[in-house]
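S.K.: Those sequence lines, one after another, are chains F and U. The working numbering puts the first sequence at residues 730 to 1342. The working numbering puts the second sequence at residues 730 to 1342.
It is possible that some hints are incorrect.
Any copy, or any two copies together, can satisfy a pair, since identical chains are not distinguished.
[As the list claims (entries may be wrong)] Below, simulated PhoX-like cross-link-like pairs (lysine-lysine); rule was C-alpha separation at most 25 angstroms, straight line:
1) Lys1131 with Lys1313
2) Lys1199 with Lys827
3) Lys1319 with Lys827
4) Lys1313 with Lys1266
5) Lys1217 with Lys1336
6) Lys1313 with Lys827
Note that these hints are calculated values from the structure, not bench results.
There are 2 protein chains.
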Amino acid sequence: MAEIKKTDALEKLAKLIRYFILASTTAAGSGHPTSSLSATDLMTALLFGGSFRFDVDQPGHPNNDRLIFSKGHASPLFYALWAAAGKVTEQELLTMRKFGSPLEGHPTVAFSYVEASTGSLGQGLSIGLGMALNAKYIDKLPYKTYVLLGDSEMSEGSQWEALQLAAHYKLDNLVGIIDVNRLGQRGETMYGHDLAAYKKRISSFGWKTEVIDGHNLDQILKAYRKALRTEDKPVMIIARTVKGKGVSFLEDRNGWHGKALNREQFEDALKELGEIDKSVKGKVKKPDKLLPEKGIPKDANGVFYLRDKPVATRRAYGNALKRIYPQFPDMVVLDAEVSNSTYSEIFQEAYTERFFEMYIAEQNMVGTALGLQCRGKIPFVSTFAAFLTRAFDQIRMSQYSKANIKFCGSHAGVSIGEDGPSQMGLEDIAMFRAVMDSVVLYPSDAVSTEKLVEEAARHKGIVYIRTTRKETPIIYSADEEFSIGGSKVLRKSDNDRVAVIAAGITLHEALLSYEELKKEGIIIRVIDLYCIKPIDKTTLQQAARDTKAIITVEDHFSEGGIGEAVKGALDLFSIPVHCLTVRKMPRSGKPGELLDYEEISKDAIIKKIKELV
Amino acid sequence: MAEIKKTDALEKLAKLIRYFILASTTAAGSGHPTSSLSATDLMTALLFGGSFRFDVDQPGHPNNDRLIFSKGHASPLFYALWAAAGKVTEQELLTMRKFGSPLEGHPTVAFSYVEASTGSLGQGLSIGLGMALNAKYIDKLPYKTYVLLGDSEMSEGSQWEALQLAAHYKLDNLVGIIDVNRLGQRGETMYGHDLAAYKKRISSFGWKTEVIDGHNLDQILKAYRKALRTEDKPVMIIARTVKGKGVSFLEDRNGWHGKALNREQFEDALKELGEIDKSVKGKVKKPDKLLPEKGIPKDANGVFYLRDKPVATRRAYGNALKRIYPQFPDMVVLDAEVSNSTYSEIFQEAYTERFFEMYIAEQNMVGTALGLQCRGKIPFVSTFAAFLTRAFDQIRMSQYSKANIKFCGSHAGVSIGEDGPSQMGLEDIAMFRAVMDSVVLYPSDAVSTEKLVEEAARHKGIVYIRTTRKETPIIYSADEEFSIGGSKVLRKSDNDRVAVIAAGITLHEALLSYEELKKEGIIIRVIDLYCIKPIDKTTLQQAARDTKAIITVEDHFSEGGIGEAVKGALDLFSIPVHCLTVRKMPRSGKPGELLDYEEISKDAIIKKIKELV
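Please construct the entire structure, taking both the sequences and the accompanying hints into account.
M.R.: So this is what it looks like as structure tokens:
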């Protein structure tokens, strides 16, 4: 009886929400009403049916249940839900998709109820996984994470990365809901309404699955209750739905994806919906007032390296993670099954509970990091620099969530040697520079790596740290300071004829060339451009004033790397900037041979300088 | 009896191959012997057991069976197999991983038996899928495609994209072999030796599966024969193997990944292997001498657009595909479920049999394109520019196969409008410029798009074509010619005070600013930089000589885009280069509003010019 009353109330709410969806998209003249209508009953029952717990006045409350629309194009539904909850007015809904409105075409963090910006399909489950991982293993809070998924987006491999890992970590606090409305953007999906195909595949990945009618409120409510009782496994609710549900001329019709109704169609649709009761308001159950135990920051130990013992910067990265954790107790470290190469294993051995093995699945690793940072963590994400390209879309999307994530790419450049081109990061600087407001760091020795990892942890935003496979000499003393936006002038005189700008492995080549040229009476300036973005214009421009030519040397392709960054900083100067970069097809060989072959070694620098002076 | 003799011969061969693996890695001082040893019996039985058909003297023969090592780090095994087949000498094997040797650390196309360079895990199955698709639907040849997979790499989402699509297209000519050796780089894989977990998951994706002992030659041979008889489904052979098989102190031991034996260990290993018969030679069955029917190129129709009717360049892309197909009968078009947005659907409607729906799975789409081009096709791959970032690792790897692939990214920049940042390609130019020897095209009207698509088809290599969502005016006449490396000076006089360099949507803003400024007596030069890479230095440098300042305008982030490309071309000039680019957090709004907001519109150009003159 109580259940009947509940579904009656939910039906009224669902009708109001459908009205909001149609009204806002028609007002906008674009958007995705049909993809919103198919999931309306599923989401109405979730938020207002008693399972979901959320303090609507405190969207940031640490024990709120989390809701992510992985099918971000259903944003009209998302906004309508919060309108039904009384947190968005109808007037505000009508600003949707208009310039300046927080209600953007796809959900962004401009709207405070959005956990993370979505819209590039197949990313929400990974984000949810990060939040669920946080609840179960870090904050140890009982909140649940719900992810609304589209059927079309299940073809993204990233989904299956998330599915396997969520099962591996037994995330029984993670619930996915697939809105199987059969139709993608341009026609039927691969599996259409074959719900059994989804069930078979998802359960084979270790999830508990529930197949339901996504428009039957009783079935939906039961499924959520069952999900709350499930232990040791994540739960996927696979719901058969009808795209455009509620408006007969939209229902299950191809050709209506991403199209708003015009005024006339809208009026016709309203007639079908029948009377809308705008006085109803959806009530969301409040969460228990629980807070995570917060670690108390303690001072980190100092840095110590022997001057005469070369250390790979990748190892210094691992050392730094371990060293600074007491100072940054929100740190979490993720690695894609190469922790013994990136040396994040040094952290893992010291703080096992804060390290998560993400296996060889970089997309999901980055999505998970995004979810973790949503919950206040500072994720450090590492793999080979080359393999971070695998997650470029996730990295790109994280900028729209104003994310606080630290990426470390090891094995940068041809200097990795024998393993050959597939393992060489040669476009990673270009990739990370192209991310809005990113910081790109490229230390050359263990001391600067340690200091820069610390700066990265302190900085709020996306930071990329590029490390080198090979051991490199220690060139800095332990008390040297490094800052984001800085550089170091390592060799300088009043008679510098050329300035050589390098970072990482090539800095050492530049220093060697300095010594050799000095013997011949040719004096050069050497600058360690350890921070490539933001770039230290002042120092570079001073070098342009003081010398006759600039040479940049980098173990990276020509485009988007150090050379172009330096040219960009010097465009008002008529000084020639010669860029020594990787220009020939990279291959296997000894590191030194490859630096020579690509003409980014000491000898190449000397040769270039001699051409110039 | 015959079978017994066969397995005896294969055992001898496998022993020789194991010897080659150990000898070559020990000589190199690095490499992956243990990952090679686990798959030795599987591959020996494949190549020399009677199922595989290949003309060893003609690796390019169109009806050869294809073999791809998706686990590229097992390259010592790959080279050893061809040594056993008599195509590589023992002496050559000992050059492995040395500078100049075609036997690189991971397989590259420098070695003529390599179909495509591998080494970034989780990509080989997609490549194989492209080859199998070619055999079944395009060349209609009976060759089979075999892909050797590692167990660790099965965690990559791209594998599941390939699995689902291969089943969807019923590729019964595709055989995967998973070498389940239990150990990844840094320890046990997610599923260890739980072969049932693999079987359950892979069969749920619609494949026929065979679970076998990967060191039992009888079982292996049977599995291959069964695979040949399977219809309508791809086949996955899931083989339980032992990492380091054949050398007791390596077998199933953690800590031996990617490590070569030293001399002493090598001698110990040889003792275990026992006598090696170097006189044995593996025989590979020849394929039937079948050739594909080749289409005969015919002249394409001319280009026709009405001068006064704006057309979106994305639509011109679709028109061009259809128009030029007769001239390039090797063309194949792939799209990631957005063909009604990229307009590749125009091609699909005309040449259905040459269009493949790849669903929302961009990584596999690019891998498949790589496989298709291996078989002589010219793949055109399209989706939203933003979503091509999803496949950056596959794009990156394709450069190491010297691939001939054309990419088209639609919906570039903030000018897409209301859909918001997740759908905006704003880093695509940076990404594609960073690919070695790539061509980056960005046409601004329908005529130049048509001509440049044609140039792209003609050019052998990786070409990126950036298209715009919005309609743009036709500015060129149908007989205008466009070339890779070119640009067009659209407005020019002897009194140009500033040169504005733009492409795509912003070119029209530049042309509008020209008209407005002209009324005020300010004359500017306007250049259409339709080819961003390689860049037309001559024209840009002439503009630098003729004017006082350069302004670049682009609907793309600052780094790696047109601005940096232009600065790179002008580094020897002291002319100021002002870059108008997307610098503020993009959002939803009308295209015009967003161009204004980001200061890349006509008004922003005029404002900047007035500051300068």
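S.K.: Compare the structure with each hint and give your call.
M.R.: Now for the hints, and whether the structure bears them out:
no.: 1; hint: Lys1131 with Lys1313; verdict: between (37 angstroms within a copy, 12 angstroms between copies)
no.: 2; hint: Lys1199 with Lys827; verdict: between (52 angstroms within a copy, 17 angstroms between copies)
no.: 3; hint: Lys1319 with Lys827; verdict: between (57 angstroms within a copy, 7 angstroms between copies)
no.: 4; hint: Lys1313 with Lys1266; verdict: between (29 angstroms within a copy, 21 angstroms between copies)
no.: 5; hint: Lys1217 with Lys1336; verdict: within (24 angstroms within a copy, 37 angstroms between copies)
no.: 6; hint: Lys1313 with Lys827; verdict: between (48 angstroms within a copy, 17 angstroms between copies)
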